Amino acid sequence: MYHRFDAIVVGAGGAGLMAAMQLARTPGIRTAVISKLYPTRSHTGAAQGGIGAALGNLEEDYPEWHTFDTVKGGDYLVDQDAADIMCHEAVESVYELEHYGLPFSRTPEGKIDQRRFGGHTRNFGEAPVRRSCFAADRTGHMILQTLYQQCIKREVEFYSEFQLLDLIISEGVCCGLVVLNIKDGEIHIFHAKAILFATGGFGRAWKITSNALSNTGDGVAIAFRRGIPLEDMELYQFHPTGVYKLGILLTEGARGEGGILRNNDGERFTERYAPTLLDLAPRDMVSRFIYQEVKEGRGINGSDFVHLDLTHLGADVVENKLPDLADFVRVYLGVDPVRELIPIQPTAHYAMGGIPTDVDGRVLMDESNTVLPGFYAAGECACVSVHGANRLGTNSLVDIVVFGRRAGKHMAAYVQEAPFTELPRTPDDEARQQVSALLSRERGESAPEIRETLQEEMMDKVSVVRSEQTLQSARKTVHELQARFAQVAIQDRQTWYNSELLETLEVGYLLDLSESIIAGALARQESRGGHYREDYPERDDTNFLRHSFVYNTPDGLRIAHKPVNISKFEPKERKY
Amino acid sequence: MQVQCKIRRYNPTQDKKPYFSVYEVRMEPTDRVLDLLNEIKWKLDGTLTYRRSCAHGVCGSDAMRINGRNRLACKVLVRDIGQKMTIEPMMGFAVLRDLVVDMEPFFEKYKAVKPYLVNDDPAPVTERLQTPEERAAYDDTTKCILCAACTTACPPFWSNPDFVGPAALVNAHRFIFDSRDKAGAERADVISGREGVWRCRTVFNCTDACPRGIQVTNVMEEVKRKLLYDRA
Ligand SMILES: Cc1cc2nc3c(=O)[nH]c(=O)nc-3n(C[C@H](O)[C@H](O)[C@H](O)COP(=O)(O)OP(=O)(O)OC[C@H]3O[C@@H](n4cnc5c(N)ncnc54)[C@H](O)[C@@H]3O)c2cc1C
Ligand code: SF4
Ligand code: FES
Chain C
1 MYHRFDAIVV GAGGAGLMAA MQLARTPGIR TAVISKLYPT RSHTGAAQGG
51 IGAALGNLEE DYPEWHTFDT VKGGDYLVDQ DAADIMCHEA VESVYELEHY
101 GLPFSRTPEG KIDQRRFGGH TRNFGEAPVR RSCFAADRTG HMILQTLYQQ
151 CIKREVEFYS EFQLLDLIIS EGVCCGLVVL NIKDGEIHIF HAKAILFATG
201 GFGRAWKITS NALSNTGDGV AIAFRRGIPL EDMELYQFHP TGVYKLGILL
251 TEGARGEGGI LRNNDGERFT ERYAPTLLDL APRDMVSRFI YQEVKEGRGI
301 NGSDFVHLDL THLGADVVEN KLPDLADFVR VYLGVDPVRE LIPIQPTAHY
351 AMGGIPTDVD GRVLMDESNT VLPGFYAAGE CACVSVHGAN RLGTNSLVDI
401 VVFGRRAGKH MAAYVQEAPF TELPRTPDDE ARQQVSALLS RERGESAPEI
451 RETLQEEMMD KVSVVRSEQT LQSARKTVHE LQARFAQVAI QDRQTWYNSE
501 LLETLEVGYL LDLSESIIAG ALARQESRGG HYREDYPERD DTNFLRHSFV
551 YNTPDGLRIA HKPVNISKFE PKERKY
Chain Y
1 MQVQCKIRRY NPTQDKKPYF SVYEVRMEPT DRVLDLLNEI KWKLDGTLTY
51 RRSCAHGVCG SDAMRINGRN RLACKVLVRD IGQKMTIEPM MGFAVLRDLV
101 VDMEPFFEKY KAVKPYLVND DPAPVTERLQ TPEERAAYDD TTKCILCAAC
151 TTACPPFWSN PDFVGPAALV NAHRFIFDSR DKAGAERADV ISGREGVWRC
201 RTVFNCTDAC PRGIQVTNVM EEVKRKLLYD RA
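Just so you know, the protein sequences line up as chains C and Y, in that order.
Counted from 1, the first sequence has number 427 at position 427 by the numbering used here; the numbering is strictly sequential.
Counted from 1, the second sequence has number 153 at position 153 by the numbering used here; the numbering is strictly sequential.
Derived from the structure by calculation, the hints contain no laboratory data.
Since the structure is predicted, the reported quantities are computational estimates derived from the model, not experimental observations.
Among the hints, a few may not be true.
Stated by the list, open to error - Computed beta-carbon distance windows for the label pairs:
no.	chain 1	residue 1	chain 2	residue 2	range
1	C	303	Y	4	29 to 35 angstroms
2	Y	133	C	155	31 to 37 angstroms
3	Y	12	C	418	40 to 46 angstroms
What the hints assert, rightly or not - Covered stretches of chain C (chain Y as the covering partner; in silico rule of three or more C-beta atoms under 8 angstroms from a C-beta of chain Y):
no.	region
4	95-104
5	109-120
6	474-488
Note that CB positions come from ideal geometry on N, CA and C, so glycine has one too.
Using the sequences and the hints given, assemble the complete structure.
Written out as C-alpha cells, the structure is:
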C-alpha cells in the first residue's frame, strides 16, 4: 500500500512525540507517526529519575552551570555549542511540558519540585544542586503519557504496530520508508518530504541491560546500512545500579535522595574514589568503582555485585519518593528496601553515539557536516553530540524533549518549502526479498542462539572495561555470528502477526551495530567517559579529543574523525 | 523447577477454533512468567505469539490471563504461580493471534473520555502553580500504563462491550481531579452517559487486576461522587 505525507516521524517515544506535537501545531502539514509499539509502550516510559533544567525553583541555578556540568560530565567530548542550546532550551521545554499537563511533583509553593542528580552542580562544580524536575519516580512515564495525550487532542495520525524495514534515499534526498504492518504482514511504502527517526537505543546488544526487549537500534542500523555514518558508537553508558542479574534500572534518584553504595565490608567505597560527590559521581565513574571493588575481591561474598543501601532513609522517603523502585525490588528480588540491602551491578543503559545530526536534528552524511536533505533524527538514536563520552542523569529526557522539539520545528518549516522527490521504481524490493527469504528458508541457524552469544560476548568484552585483546576477540565473534546470521531460519511461516520474523530482523540490527561499536572502541586508544581501555587508561586529548565516524562501506568499516566544538570551557582533568 | 504450561493458541487466519499447546520447561523459581514465554519462543516454538517490551511492568504490553487472573507476565514470578500454569489472552477483545488481542477498541474507549489536559487560558511564562495537596488528589491515577488488565477483568464490560470500562475512567479521573483542567462539563457528559461510569457494579475485579496498584474501584466511586456533587 502507498501513503503520502508531508512529514513522517518514526518512533513514538519522547523524541518522536515532541516532534509530532510541533508538526501538529503548524496548520496544514500532514503528519504521520509510525511505531512498532503502541506509543505508550515506548521505552521513554521507563525513565524514572527526572529531567534536568535550571529552573532555580529551590536554589540558585543557571543554564550556564548546567552546560558546564554537561560538558565536564561528557569528559569534554561534548559539542559545547549544542550543549549550550540544550541547557538553555531545557527551561522553556519543561514549562511547555507542564503546560501540556505533565503532573510534576510540587514544592510547597506549588512550583515544579527539583532534586539532586549525579554530576549536576552549582557554580561550576562547587556542590550538588537541585536541578532534576521530577514526577515521583515516573518522570519518563509522565512525559510519554502527556505527549501522547496531547497528540490525541491534536488528532495526530498514528500507525501503531508498524515496523520500519528500510529507508528510501533517491537523488541524494530522503523521500520515503518501507514499513511492515505487523498485524497482517503487508508491506507499505510511505512517501514524504521529511522523515524523522526517533527509534531509541540499542541496549539489547548486551546481556545485562536496563533496556526494553524492543530496544534493538532498528533506525540506527537501517540508516547505517543505507550509507549514513554513525558517530561515537564506542561511547556507551553502563549505569551503576542495575538489579543484580536482571539489569532492571534502579534510579539514580535513590542516591539523589541519600542512598549509599557499600561493598562487602559495608564500606562506602565512593569516599575513596570521589571524595566530593561520593555516590553521586557520574555514572561511568561509579560503574568503574564497582568494577574495581569486585576485581579486588570486595564484591558481596566475593561475587560480582555490591549493595545499594537505602535503609537509613526511612519508610517515608522510600515509599513516597521512590515508590516504583521499592515495588521493583520487592517483586523481583523479594527484598524490602526499607530494611534490607539491595544487590546491584552495572547495567548497559544508554547510547551516547548514534546517527550524527546538527542542532536542528538534520542528519549529517559525513564528518564535514553535509546535510542529507529530508532526513532528521532525534533522541537516543541520534548523536548531536550533547553527551560526549558520558551522559549525565536527567540529560536524555532533556535531549529528547529539546531536540525532538527543534527537529519538529525545523521539519515544519522545511516541508512548507520543499517539493516531494519522486520515489525510485521499486523501492521495496530489498525489504521484500529480506522478508521472503526468512519466510521460505527451511533449515538454518537460530536467531535466539546468535543473539544470546552476541549479548554474552558484548557483556564480557565490550562493556565497562575494554582492551585491544578483548575487542579483537569480540570482533572475530561478531563476524562469525554475522556469517551464521546470513543462514538464519525461522519456524513461523505466517505473515499474520509474525513476531518471530521481526525479532529475527532485530538480531541483524544488533549484530551490525555491535560491529560498529567494536570498530570505534578499537580505534579510540584512550580512556574517556564511558569508554575505558585497560591498555590505555589515560585520556589523550592530543590524539583523541575528536568524534569518531564509522562508515559502512563495501570493503568493510571505515573510521573518520571530526573535531569537537570547544567554544566555552577548556578541557580539564575530570575530578569529583 | 519444572513447569507445565498450557497456552491457548489461535490464529484466526488459519485455525477454525482456539486450541491449547502444552509445554514442559525448566525455570528458576524467581524467573518471570515472561521469561518462561521467551524460553518457549526462543528454544521450543517460535510461532508462539505475545506482546512484550520493557520486561519490568512499566510499558503495559503483556497483560494476559494467568491461571484465570489478569496479570502482566513480566510482573509475576514463576514461583508465585506454581508448577501448573494456564495462560490465555485477556477476555473481551478479539484475539489477533495467541495471546495478542486487538487493542484498537481499548484505545478508542480511552480517547472517548478526552484523556488530556484542557485549559485554554493563556499559559504563564513559567509553570502553572499547583499545591502538593492538589497534586496528590490525582496521583494514583497518573500511574496507569493502559495495559487493559482492569477493563478485561470487568463483568459489566464482558456483558456490554460498549461500556467505556475502568481504564478509560481511571484516565478521566486523572484529569477531573487535576486543578489545572477546565474541561468540566464536556468530559462529564461522556462519562455520565449511557456507557459511562454508572455501569460500574463495584465488583472490585479491576482493583485486583491492576498491576500498578491503582485503587480502581475507589477511583470509580470518586468519579461518581464528583458527578453527583457537581449536578447538585
Ligand atoms: C530504565 C531507564 C531509566 C531511565 N531514566 C532516565 C532518567 O531518569 N532521565 C533521563 O534523562 N533519561 C533516562 N533514561 C534514558 C531515556 O529514558 C531514554 O534515552 C529516552 O527515553 C529515549 O527516548 P526516545 O524517544 O529516543 O526513544 P524511545 O522512547 O525508546 O522510543 C523509541 C520508539 O521507536 C519505535 N521504534 C523503534 N524501532 C522501530 C521500528 N523498526 N519501526 C517502527 N518504530 C520503531 C518504538 O516503537 C518507540 O516508539 C532512562 C532509560 C532507561 C532504560
Ligand atoms: S488502571 Fe491499572 S489495570 Fe487498568 S489499564 Fe491502568 S494500569 Fe492497567
Ligand atoms: S513487558 Fe512491559 S509491562 Fe510487561
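What are the numbers of the hints that this structure violates, sorted from low to high? Failing hint: just 6.
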